[in-house]
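Chemist: Taking the hints into account, I'd like the entire structure generated from these sequences.
Residues per chain, in single letters:
Number of protein chains: 2
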Amino acid sequence: MDYRQKIIEAAALMFRTYGIRAVTMDMLANELGISKRTIYEKFRDKDELLAGVLKWMAVKQKEAVVKVFGESENVIAAIFRLFDMMCEHFQNMSPAFRLDMEKYYNNIVKNLIESGELPYSANNIDMLKRGIKEGIFRKDIDIDLINQCLNEVLRMPGEKDIYRSENNSNRNIFRDFYVNYLRGISTQKGLELINYYNRKLTM
Amino acid sequence: MDYRQKIIEAAALMFRTYGIRAVTMDMLANELGISKRTIYEKFRDKDELLAGVLKWMAVKQKEAVVKVFGESENVIAAIFRLFDMMCEHFQNMSPAFRLDMEKYYNNIVKNLIESGELPYSANNIDMLKRGIKEGIFRKDIDIDLINQCLNEVLRMPGEKDIYRSENNSNRNIFRDFYVNYLRGISTQKGLELINYYNRKLTM
DNA sequence: AATGAGAAAACTTTTTAAGTTTACAAAGTT
DNA sequence: AACTTTGTAAACTTAAAAAGTTTTCTCATT
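Residue numbers (the numbering used here), protein chains in the order written: chain A, 1 to 203; chain B, 1 to 203.
A hint or two may mislead.
As the list claims (entries may be wrong) - Using 25 Å as the maximum straight-line C-alpha spacing, the simulated SDA-like pairs for lysine to any residue come out as follows:
1) A:Lys-103 to B:Arg-21
2) B:Lys-62 to B:Glu-102
3) B:Lys-103 to A:Leu-13
4) A:Lys-103 to B:Met-25
5) A:Lys-42 to A:Gly-116
6) A:Lys-103 to B:Ile-108
7) B:Lys-60 to B:Ile-108
8) B:Lys-103 to A:Arg-16
9) B:Lys-60 to B:Glu-48
10) A:Lys-62 to A:Leu-13
11) B:Lys-62 to B:Tyr-105
12) B:Lys-36 to A:Arg-199
13) B:Lys-46 to A:Arg-98
14) B:Lys-103 to A:Glu-9
15) A:Lys-129 to A:Ser-115
16) A:Lys-103 to B:Leu-28
17) A:Lys-36 to B:Lys-103
18) A:Lys-129 to A:Ile-185
19) A:Lys-200 to B:Met-27
20) A:Lys-42 to A:Asn-107
21) A:Lys-200 to B:Tyr-197
22) B:Lys-103 to A:Asn-107
23) B:Lys-103 to A:Asn-92
24) B:Lys-36 to A:Arg-21
25) B:Lys-103 to A:Met-27
26) A:Lys-103 to B:Met-27
27) B:Lys-200 to A:Glu-88
28) B:Lys-46 to A:Tyr-104
29) B:Lys-103 to A:Asp-26
30) A:Lys-129 to A:Gln-188
31) B:Lys-103 to A:Thr-24
32) A:Lys-200 to B:Tyr-105
33) B:Lys-103 to A:Leu-28
34) B:Lys-200 to A:Glu-9
35) B:Lys-103 to A:Met-93
36) A:Lys-200 to B:Arg-21
Simulated from the structure, these hints should not be mistaken for laboratory data.
All of these numbers come straight from a predicted model, not from anything done at the bench.
Modeler: This is the structure we're talking about:
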């Protein structure tokens, strides 16, 4: 009965699949079996709808991350699991989504971030602390700095223009990069765990 | 130096990645580092360009199929290899491409098919004959009928609306369906080969 | 020097999706 | 029973952006 939420979820799925511009308000209304009017009853315009979608996606993602961390036996396991999730996330996201985002809706994200409604970057600090406590990351690392670096690394695959080349290999390159970064801040025990989970994935 | 071909290949890649409507002639020109004018020198309009892209894709696909058949030790191996190719093909194709195709450019395919410039459906007849010769398919099958049926089966995953649900499982469902159909027309030897290659994939 | 192929960018036109309005229907409320 | 709310359906207007055109300029070739 909560129309607003229903609309957001349907729009999220369609935006991710087809891109934002390709999804018209009429399509969305049709897909939901409601009238376009009703959408405009809940959202001033498409921009506001998109903002709602983005916020909801952020919340959902956050929840997923918390869940994975809660369920994992150690940080490295959690990280590899998250990595998988991220890959799936990007796999199911149409490049058109990113394109539209950059080309037409850039300002929306910017505004949301500025008004504090969307986090600018992920918070890996808890993860790093936990890693240190588990004896997986070295005790002497600069947590804040590493957090920032990790965010940069994570931003990388999003920035890259990828419609050239078969991007099968891309995923592996990225994983390699990320994993090597983690190695750099790990203890001996951490290294062994990384090797263990990494091998498990490769095979 | 062959502008026409260069344009077609770039457009093909971009259309497949972003959908057709999302790719403007300006983007395409930019991407190629040529002027929009030059594109219109070689193609009357976007429709003609799309037609060129579709024809080229058909040619390339045909070549790939011939190659796989030439290199495979038996029909079943070839089919599984082709299946992989198809999956990759669809994986790298934006849903927006199909959406645009159906919503706006429907008539183009229709025209191309009517004028005989595009084949309406794949020709599995050689494959079936080879399978019979290799003792993999039963000798008593009606080749033409089976060919038609296979084409229907192959058309299926394209028809389905998939922007609902995680479509990870979709691929497997489809493979299952297709493989079972093949089992139905196979000899004992064929069945064994199917089981062999199928198991190889599942694991 | 002349021609032609193309780049760059400004321009017009067409398309189409955004957003609005209107008319109407069902359901609950007073 | 009249009234209000909440919605559908569809026609409508308007704004934006992409299609397609034109103009001007450059550089390479003959």
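Chemist: Look at each hint and say if it fits the structure.
Modeler: Hint check results:
1. A:Lys-103 to B:Arg-21: Given pair Lys-103 (chain A), Arg-21 (chain B) holds - Cα atoms ~14 Å apart, limit 25 Å.
2. B:Lys-62 to B:Glu-102: holds, 23 Å
3. B:Lys-103 to A:Leu-13: holds, 19 Å
4. A:Lys-103 to B:Met-25: holds, 15 Å
5. A:Lys-42 to A:Gly-116: holds, 22 Å
6. A:Lys-103 to B:Ile-108: violated, 28 Å
7. B:Lys-60 to B:Ile-108: holds, 19 Å
8. B:Lys-103 to A:Arg-16: holds, 19 Å
9. B:Lys-60 to B:Glu-48: With Cα atoms ~18 Å apart, Lys-60 (chain B) and Glu-48 (chain B) stay inside 25 Å; holds.
10. A:Lys-62 to A:Leu-13: Given pair Lys-62 (chain A), Leu-13 (chain A) holds - Cα atoms ~17 Å apart, limit 25 Å.
11. B:Lys-62 to B:Tyr-105: It holds: about 22 Å lies between the C-alpha atoms, which stays within 25 Å.
12. B:Lys-36 to A:Arg-199: violated, 49 Å
13. B:Lys-46 to A:Arg-98: holds, 23 Å
14. B:Lys-103 to A:Glu-9: holds, 23 Å
15. A:Lys-129 to A:Ser-115: Violated. Lys-129 (chain A) to Ser-115 (chain A) sits at ~28 Å, over the 25 Å cutoff.
16. A:Lys-103 to B:Leu-28: holds, 15 Å
17. A:Lys-36 to B:Lys-103: Between Lys-36 (chain A) and Lys-103 (chain B) the Cα gap is close to 19 Å, so the pair holds against 25 Å.
18. A:Lys-129 to A:Ile-185: Holds, because 12 Å separates the two Cα atoms, which is no more than 25 Å.
19. A:Lys-200 to B:Met-27: Distance ~42 Å between Lys-200 (chain A) and Met-27 (chain B) Cα, so the pair is violated.
20. A:Lys-42 to A:Asn-107: Status holds; Cα separation ~21 Å.
21. A:Lys-200 to B:Tyr-197: Holds, at roughly 23 Å.
22. B:Lys-103 to A:Asn-107: violated, 29 Å
23. B:Lys-103 to A:Asn-92: holds, 22 Å
24. B:Lys-36 to A:Arg-21: holds, 23 Å
25. B:Lys-103 to A:Met-27: holds, 11 Å
26. A:Lys-103 to B:Met-27: holds, 11 Å
27. B:Lys-200 to A:Glu-88: holds, 24 Å
28. B:Lys-46 to A:Tyr-104: This hinted pair holds, its Cα atoms lying about 22 Å apart.
29. B:Lys-103 to A:Asp-26: Holds - the C-alpha atoms of Asp-26 (chain A) and Lys-103 (chain B) are around 13 Å apart, at most 25 Å.
30. A:Lys-129 to A:Gln-188: Holds - the C-alpha atoms of Gln-188 (chain A) and Lys-129 (chain A) are around 17 Å apart, at most 25 Å.
31. B:Lys-103 to A:Thr-24: The given pair, whose Cα atoms are some 12 Å apart, holds under the 25 Å limit.
32. A:Lys-200 to B:Tyr-105: violated, 45 Å
33. B:Lys-103 to A:Leu-28: Roughly 15 Å between the alpha carbons, so the hint for Lys-103 (chain B) and Leu-28 (chain A) holds.
34. B:Lys-200 to A:Glu-9: violated, 38 Å
35. B:Lys-103 to A:Met-93: The given pair, whose Cα atoms are some 21 Å apart, holds under the 25 Å limit.
36. A:Lys-200 to B:Arg-21: Violated, at about 41 Å.
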